[in-house]
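Using the hints provided, position chain B relative to the given structure of chain A.
There are 2 protein chains.
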Amino acid sequence: MGIKDNLHAFFYPETVAVIGASSSSGKVGNTIMSNMIGAGYRGKLYPVNPKGGEIEGLAVVTEIADLPRGLDLGVISVPRQLVLSSLEALAEIGTKAVIVITAGFKEVGKDGYLLEQDIAALCKKHDIALLGPNCLGMMNTAKGVNASFAAGHPQPGSIAFFSQSGALCVAILDWALGENVGFSKFISLGNKAVLDEADMLEYLNKDEDTKVILGYIENVERGEAFLKQARKACLNKPVIMIKSGTTAAGAKAASSHTGAIAGSDQAYAAAFRQSGIIRVDDVATLFNLAQAFSSQPLPKGPNLAVVTNSGGPGILAADAADRSSLTMAALSQKTIQRLQAFLPSYAAFYNPVDIVGDADAKRYRQALDVVAEDPLVHSIMVLLTPTASVEIEETAKAVIHTARKCGKPVFACFMGKTRVKAARQMLMEAGIPCYAFPESAVHSIETMYEYYLWKNRPDPKYVKITGDRELALKVIRAHERRNEPEIVEFEAQEVLKAYGLPTPQTILARTSDEAVAAAEEIGYPVVLKIASPDISHKTDVGGVKVNLKNATEVMNSFKDITARVQRMRQDAYIAGCLVQEMAPPGVREVIIGFKRDEQFGPMLMFGLGGVYVEIMKDISFKLAPLSRQDAFEIVREIKSYMLLKGLRGEQPVNFEALEEIILTMSQLAIDLPQVWEAEFNPVLVNHEKAIVADVRMTLHLKDEA
Amino acid sequence: MGIKDNLHAFFYPETVAVIGASSSSGKVGNTIMSNMIGAGYRGKLYPVNPKGGEIEGLAVVTEIADLPRGLDLGVISVPRQLVLSSLEALAEIGTKAVIVITAGFKEVGKDGYLLEQDIAALCKKHDIALLGPNCLGMMNTAKGVNASFAAGHPQPGSIAFFSQSGALCVAILDWALGENVGFSKFISLGNKAVLDEADMLEYLNKDEDTKVILGYIENVERGEAFLKQARKACLNKPVIMIKSGTTAAGAKAASSHTGAIAGSDQAYAAAFRQSGIIRVDDVATLFNLAQAFSSQPLPKGPNLAVVTNSGGPGILAADAADRSSLTMAALSQKTIQRLQAFLPSYAAFYNPVDIVGDADAKRYRQALDVVAEDPLVHSIMVLLTPTASVEIEETAKAVIHTARKCGKPVFACFMGKTRVKAARQMLMEAGIPCYAFPESAVHSIETMYEYYLWKNRPDPKYVKITGDRELALKVIRAHERRNEPEIVEFEAQEVLKAYGLPTPQTILARTSDEAVAAAEEIGYPVVLKIASPDISHKTDVGGVKVNLKNATEVMNSFKDITARVQRMRQDAYIAGCLVQEMAPPGVREVIIGFKRDEQFGPMLMFGLGGVYVEIMKDISFKLAPLSRQDAFEIVREIKSYMLLKGLRGEQPVNFEALEEIILTMSQLAIDLPQVWEAEFNPVLVNHEKAIVADVRMTLHLKDEA
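Residue numbers (our numbering), protein chains in the order written: chain A, 2 to 706; chain B, 2 to 706.
By construction, these hints were calculated from the structure, which means they are not laboratory data.
The reader is advised that the hints may include incorrect statements.
[Stated by the list, open to error] Partial list, derived from the structure: chain A residues whose beta carbon lies under 7 Å from chain B:
| id | residue |
| --- | --- |
| 1 | Gly71 |
| 2 | Ala168 |
| 3 | Ser245 |
| 4 | Pro387 |
| 5 | Val464 |
Using N, Cα and C, we set each Cβ at its ideal position, and we do this for glycine too.
The following block holds chain A by itself, in its conformation from the complex:
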């Protein structure tokens, strides 16, 4: 048995005890009791309070020890100083799951943090599935459970919601009651001492009552577990999340709340994208999407058809579609002919299909049926402007009729608010999302289509690249012994070689004579670079000379470089110069790097060298390990990708060679956890090959940790 085995008891308890139950209205311990009863809970419910008596007609148990052994769920709402002892007593009787509502833990400082650690340790020892502390509670509409102090019960539905903010739970519950949105599970995570978002994703993925998973999180602590569960869940059902504290101001606010330490937003963005989570910025969009996903099938292609009774709104819809990844469907000739057979001559037979202002419900139904049968159409939006002659409710029925039989996603946009109210209600109840204006409808369809593409992409192929890890570790250990965090070029190249990465032919020359000899061996022209463990930015100290064409130039440059560097950096140890082959012509410079994110581990970055990365910030990111598809994508997601593909008749660079280097860096990041950051800069690539021309690595030394 483990904590996860107790999640069923947590969500579907047959026995529930409320520790700190109260008969005084307004007290949390009273609200929980009345919420459990009000939600229609049919299992055994035990109020617990040393004062005894009766609450809501139930006899109060005075001691936790008197509760039945193997209790499914204990809900704790007692003063902070009594939480640990209550938990101990619950553990004693073999309780499977506990919710700690009480606040005053990690979020209030060190004392609370330590107390929370004790609680977590206790639960882990006894396999107790613990929610909280400092949370609103949990609801499961399928079991009549409302173990929370929220105001009101949500309707049953197929949307699950978990949130790191209890306040957001309160707000969303209130909003959902007004909008008639139903939930399967509703979970306030609180401080996440034991159960967290990764556990919820794992459980809700298998939960048959849940079609769509929504989440609000401020941080993730178990990055790897989160990624694993998110990947699995997203292949099965849509996961839509808000990650807040993404910006500097937000993170500052977040760090004084629930004690969250926000990771870098780029890492979160990469984690969400790679696992298939649909990320949104605001609550309104979160629920728009939830309703769309929970009620309509996924569009199997990008082609949207719009049927409208008015021109202007049709244009707005077409504009919105054009701004999205959808396209306005080109209707087939047959469809157009079928439309012409019954629509008035002044209608627009192309897409948007404008059945004009005097359209009645019959005309809507006919047009919708014809459009829906066109195999080139993947999704349909029905636009209705409440003109004088339109039959609003009858048209809603026509929409429902077509939607039920066509098997394609159908969205309604009944413009306005007053006259369309009843029709909108009918549509929503029939599971057809209905919007007041076309733009949000388009956004929902687009997001569903993108999810469809993600879900149906080929399985990612992960390649294991085998390098000589021991050889690489030797270099690293030598640096660790010398307490040198920076591994600079010559020694870093050993690491590259250990992983079979292509490097330019390089020879270390200690004297100018050796440099000339090396150049003769390599063949002119050559590059000379200062070789010093103390200098990582070689160009800044005049430590690089390129395109040296003969022995004299090499001789003079060697003297020049060493003298200048010695003058500028008198404390630097200078081993000599590296003599290196010149880059071939037609080369592009790219940067491939990684840095370790606290939550998600190594994050790879890719971009074109020079101004593209520095000024244009044209960089793409992926978390390791990268699949072949990830490597394919990371080079194509930058805006300057066209420069790699080749301008005006230029040959494209060797993408396979580039992707191989990226995959190798991903492997290196996984094999060598001592390396905190690494950068291949530049990697030179032309149509034939790619070479790692320079490299820097930074170790995470133990005494710095």
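Quick look at chain B alone, frame taken from chain A:
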């Protein structure tokens, strides 16, 4: 007297006749009558119908000729073939303004187009202010006028709305009735045969009942008039508009609607930006902003303070602020001390100020008052999560109290929908915008702040650059005579010289000996370029050689170039080669160009040469004439601006020289309407000077028009 003098009679008519009035319910001519009466119109109302009788208790006039002379407003709703004769009869009795509701004109094809031309001509001849045809009508709540066939009357308010789509009028009216949004004027423009958006902007700018102007347009035909009126209006009150048909799909839909021809979206974007119009993409945002602008003062700075009773929503607000151009205010030490004096110790005293879940209305009021008094705070958002202990309506009163006395914009975000409903109603009625989630509130405040900045920027300074226009025209006329649309380098340089633009020293050499002599005069190194009126892309035919260092190189290159070009383009006339001074070192290449937009005239563009313009699409646009401020902005709006400012210790380029060239091109575009497109490419600029190194101009020849 002119049409514009009749706009007062149009909006505030003392006498209104409905031509085609009907007693049959459901007919347009009946709806208009009942709308006029239902809106509480107190002037004289005349139903007109040859059938006679009585409508809504008013005696029907059978002949237009029997109406009183100098009628203020005629509303025509008769079959299409009777519209022109009705208008003639109305003109006969000196009618000042007319609305043609009837459809079937420009939007249905050539016949309709010609009939509409006749109607427009008639109105212009008689100074009749004509709205439509093919429109819903017009409402003026201040005068009790509802001369439309819409369903329902809007409440009075301070928002004016005009729309090119009648359907959007219908939808928005229905929506506004549900949201309790009031209007001053509500205008369906229809086909805009006479009155258009420019006229509306001019009138509504002066209309004292209107605080905010909203518009929906699909196209603008009188670009210059529109810009002029928009500029004026935006200095006085906010103008918020949707321009649809902006995308390929939208424009395709638009062209089959109201017969609109959409101009390039870049020109519209530039027109809106330069005149100060706030452009939005969707209807929901349009009205969010309208409510904010119509009820709250403008923020006088970027600093936003958030007061909240919950952490999560506070983070969402801070995130949204960080994504915007606002900043989270750093509260003064004094403010923090004042907050500490009464807030519980576990509150967050920094911004967002979290007064925590048990906050009552008194704590909200105290905190709001303290925060509002901080001079570093420019705008305030009050966040409320409907927790158990919060006093929702009392807190709304506290917000209203602070908002009334502080003189700063205050926005509420009462999260949820059910429990906050009454409070939201109170806030909206007191003129405090209240949102369900924080993100839209932040967007409204940001937009108001940006409008504040725009309104308070210094007056644009327009400079008249005097060139030798006659000299330039001489070159152009010679090309027109020869029917040559392309003016290529050597002759185009004459035009540059006429306007005093800096060009590289250039000498035309007809032979290789002349080329050497020219190079000696200019000084080595030099550039050689093919000189041929038939070749505009010189590099494509190998027609350019750079960095020629001595007489031999010049001699050989001359022969090379001319031979190669002659071989590649056997029909080309070759005048010889241009010998040109080389660009100085440290030079950046930029492109300055213009093309003429059908609606808005010359549109200037600016960008860095090479991949920046072509691949990264990093281009900025402005409509001519450019002010000094516009020229300043156009070079700074590109992302690659940092390259001009200089990287790592590089000197910045000479921006003044660059801006002078841009202003001169603006003048040239205005002085020489025959030039359809022009491009200075490249313009070479370093820290000392800027030179127009190459130029192409394309004429708009008459026979091409």
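*Does A:Val464 pass the interface check with chain B, least Cβ-Cβ distance below 7 Å?*
Since the shortest Cβ distance to chain B is 31 Å, the answer is violated.
*Classify the hint on A:Pro387 as holds or violated, based on whether any CB of chain B lies nearer than 7 Å to its CB.*
5 Å, holds
_Restraint outcome when A:Ala168 is required to lie within 7 Å of chain B by C-beta distance_ = Because about 3 Å separates A:Ala168 from the closest Cβ in chain B, which is inside the 7 Å limit, the hint holds.
*Could you check if A:Ser245 really has its C-beta closer than 7 Å to a C-beta on chain B?*
Cβ of A:Ser245 sits 5 Å from chain B, so the hint holds.
*Do the numbers back the hint for A:Gly71, that is, is its least Cβ distance to chain B under 7 Å?*
33 Å, violated
Of the numbered hints stated above, those contradicted by the structure are hints 1 and 5, listed in ascending order.
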